[in-house]
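> The residues making up each chain are set out below.
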Amino acid sequence: MNRIEGRDKVTGHARYAYEYPADDVAYAYPVQSPVARGTITSFDALGALAMPGVIAVLSSAEPPELGPDASPELALFQGREVAYHGQIVAAIVAETLEAARAAEKELRISYQAEPHDVRLRPDHPGLYAPDHVNPNFPTDTEQGDVTAGLAAAAFSVDATYTTPAMHNNPMEPHAAMAVWDSAGALTIYDSTQGPSADRDTIAQALGLPPERVRVVSPHVGGGFGSKGTTRPHAIVAALAARAACRPVKVALTRQQMFDVTGYRTPTIQRLRLGADGDGRLTALVHDVVEQSSTLVEFAEQTATPSRVMYAAPALRTTHRLVRLDVPTPSWMRAPGECPGMFALESAIDELAIAAGLDPVELRIRNEPGTEPESGLPFSSRNLVGCLHEGARRFGWEHRDPRPGIRREGRWLIGTGVAASTYPARRRPSQATATVHNGGFVVRIAAADIGTGARTALTRIAAQALDTSADRVRVELGDSALPAASLAGGSMGTSSWGSAVVKACEAMRKDGQTGHADTTEDVNADGGFARHAFGAQFVEVRVDPLTGEVRVPRLLGVFAVGRVIDETLARSQLIGGMTMGLGMALMEETVMDEGSGSFLNHDLAQYHIAACADVQDIDAAWISEEDAHLNPMGAKGIGEIGIVGTAAAVANAVYHATGRRVRDLPITPAKLLD
Amino acid sequence: MRPFEYARARDTGDAVARFRAGTMYLGGGTNLVDLMRLGVAEPDYLVDVSRLGADQIEPSGDGLLIGAAVRNSDLAAHPLVREGYPMLARAVLAGASGQVRNMATVGGNLLQRTRCSYFQDVSKPCNKRQPGSGCPAISGDHHSLAILGHSAGLNEAAQCVATHPSDMAVALAALDALVHITGPDGSRVVVMPGLHRLPGDEPDRDTVLRPGDLITAVELPPPLPGRSTYRKVRERASFAFALVSLAAALDVNGDGTVRGCRLALGGVAHVPWRAARAERTLTGAPATAEEFTRAADAELAEAEPLPRNGYKVTLARNLIVATLQELLP
Amino acid sequence: MGEITLRVNGTPRSLNVDSRTSLLDLLREHLGLTGSKKGCDHGQCGACTVLIDGRRANSCLALAVAQDGCDVTTVEGLAGEETLHPLQAAFIERDAFQCGYCTPGQLCSAAGMLDEAGPSAVTEDLASDPALTAEEIRERMSGNLCRCGAYVNIVAAVSEVAAAGGRAASDTAAAGASR
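Protein chains in written order, with our numbering: chain A, 15 to 687; chain B, 1050 to 1378; chain C, -10 to 168.
These are computed hints drawn from the structure, not numbers from a lab. All the pointers check out, no bait thrown in.
Only part of the chain C face toward chain A is listed, based on derived beta-carbon distances under 10 Å:
#1 G28
#2 L67
#3 A68
#4 A85
#5 C135
Backbone N, C-alpha and C define an ideal beta-carbon position, used for all residues, glycine too.
Starting from the given sequences, assemble the full structure and let the hints guide the process.
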């Protein structure tokens, strides 16, 4: 079975948020603050309003009415304080997009700028320990005596790794069209990873009961976390449509996305590892420094994989956060695990080199029996199986560990390995299943952001109903459907699939219709540590004279429970690894300290991997049965592919050149300096 | 974008006659429309010069005459260019993407503006965009900016460390290409790399063109003897501007000495940088790695790297030496 | 404003357009052809790629007013109403997309690319037109970014069509399989 919406997507008929037809539609263009911290002192919209085609200007000069509990990022035009460069301070509504944008120059806004502080540094006086890190993990953990463990070590590593700010950059810019009906109900076509939560958040921001808001989003052009929370463009659309008494469309420009749709926090991570003469860890310490904005506390769970990965009698993890005059960071594919595992898996490689052990073998020697931090049994854990299978497929066996000795023409060649992990969780969702025209209809407010959710849920429903997939129609992407959790945290298929199976079972009992709510089932999930694991093997070529790095081969082997759809799974895993390749070699958002703004805010300057960067990337999985997950026995696969890739590349670059790069991305500048 | 008037010119004379203050010539639009959308360029009159008939490539003596409206992709694909000027074909193919090359013209490629982040963002100061406003790149992010010929040492109102983004222009600089120009005062010819100028104290001026000047053609002298190529280094494997690039040609005598060579660097200066000092050092010297290194060092002795782009000096030197070695017969 | 006439997917269209309007916005906002996508609006992502007079181009960088007299093909016009272009069929079969937002641009770009002769930046020998190896396709398709990371499958799909001389998986098979 191919992707159900495949034909719609290849013919251009699949409609994304900005593409719905509406009579008499108007366009809104958000206006952003050019200062990183300060106050708006005056506001003059007369010139803009006099421009041809301009209908209205929204701003704090006349604060529009919002609900009392709008989140700080969505409470638009309510105050005059500016918290970061690029914050939305006004919006121009006009007959055409061209007219709305052109009027920006005629809008007179004065600011009292104040000195801004935008640089993350490990000795920042504002560092503090947040109450918890996302979503609800302890900020710090400690067990055993790390001082003694480090002191007793035969081999040790003490190194600091840094990862830059990175931006999700889904190909579809965040966009919405808002349509109010005569009774004051709002329909909003939005690019979102979760129509139910988006509806609730928009309703809360606008001070409406949720049933007065409907979010429609059958097709979403990627998100990678950035569409997991409601973004201000949706509120701009709603307010502009209310002011103009017409449907209004808003699409953020690529440049605007860098400021108001979240990003991965930069991190500074110190890893201290000690191991005995056999390479078994005596202590592991992972200390993380990261940032959030002054508006919202976003505390990424960067050190959490160190609580999961390896057996260490002494284990300490800490997170420290500083609130800077920067845009608010948010979720980006595998938040926590992705930057955290770059540091941990680089450090493990360094430890293996120090101990004179093969890095695969060192990992196997440190395999824990239970989850190190919690002591819980794993519902299933097959990291060792992934390492073995990956090593076999990749041809790791005869690897010479010496760095910098393999050459083909101008290229130095090296190979590297790193492990991957990501939690396997689920969230409460509802679904219905009904008999319809000799087939079945399954309804759930899930989101298909490119994961293939429509197709995977069709398969799951067909199996639960013991029927063929062509007799099942899945409806999703609409908040009018039974409420469901987000496409995020690799929880979509597990959460929605649980509800779909339950609804199908209820329908089979009823004979006509079934409704399911998995809240109780999910709340009863406990007693096990549930994680997916994987191992990534990579070959790199480095031109030592130019610092160019190319990746001819990248193989990931994963243990992700039962794979529901092999084609979709392979695409998702390879996609994650491809993003990981970009993270390793080119992705970096530069903070311009002078202006306090993200500087390289477009796709010519913020590089994501292009087709030419991707040669042989392959993903495979080993057979894994896990009865403690969900009715499908499946673990999420949307994120694990990116986890570990960058470390594997960095480890291979070391093997090729003898140079250890601890500061992503690995650019020619760093290899030549 | 502010409203503007649009007209399609019939021929060169018509285009130049239409020129008035606020006019810009529109070729493929791949950079101009981009800059207009950013608010960096604000013409009130666009004269479309993409259909003047200047879209032919034809022999001219022993060289080639290339119409200014020839699309980049057609230039690179032309048999006479591939055969006689591999350095130029490779430079053009190294730039942008297939679809951009289908749109972009030869004239427009020469006149594209720097991709310096500060220049492209109208919320920031920039002496090139707004003379006298300052150059935040010098204390900010300049990892991709100039190491040669910049004006960071001048007063704050004149400083500029921008680089010229074109690949094609680097090859044309190495080839001594002639740029044919027609303007309100008649026609003239400028020899590359003389079209472009260093920032000096007028960083807003990229070229020696005067108001109303229109590039009508580029003329290539006869093909160079020996071998030539173009190398471009960037961290993304394709569709990215150069960190450093090099157009190189080498002709070696039977006794192993250098009969002639051409070297031009991209990504290092406000202009496509003709490495004349390296060429002089090398001419007549043995074609060996030691001499290549000596030549590169001679050229780069005048480099003035900024705090975060010193790697470009190493990169340029390595690229010159490695590429010349590749070109040895 | 300016009066222009152009053919879009074979149909002549006469419109009065704002000189600032891009061909992309003309297609999406005025002609209801939303298959062509806006990903960056600066020619940096390729999602807006269409064929102008048969050649692939970034429609976001093309001013509509400058396209008077041109023939434009968008993803909606790559094949007939009921059929799929071989590239469209191959993209479905090879799962060469996820979110689908870059897909129309990838398809138009690939269609234009297959008709382009001449070397690319990775061609060793400039003298003859190279075969479309995977390496050649990767380079030639690098003007179309895909954030989902479907490049491996995109190259497989385009390679298949290139090897078949522009004709790959049969329309009917793909149409049936995609329901």
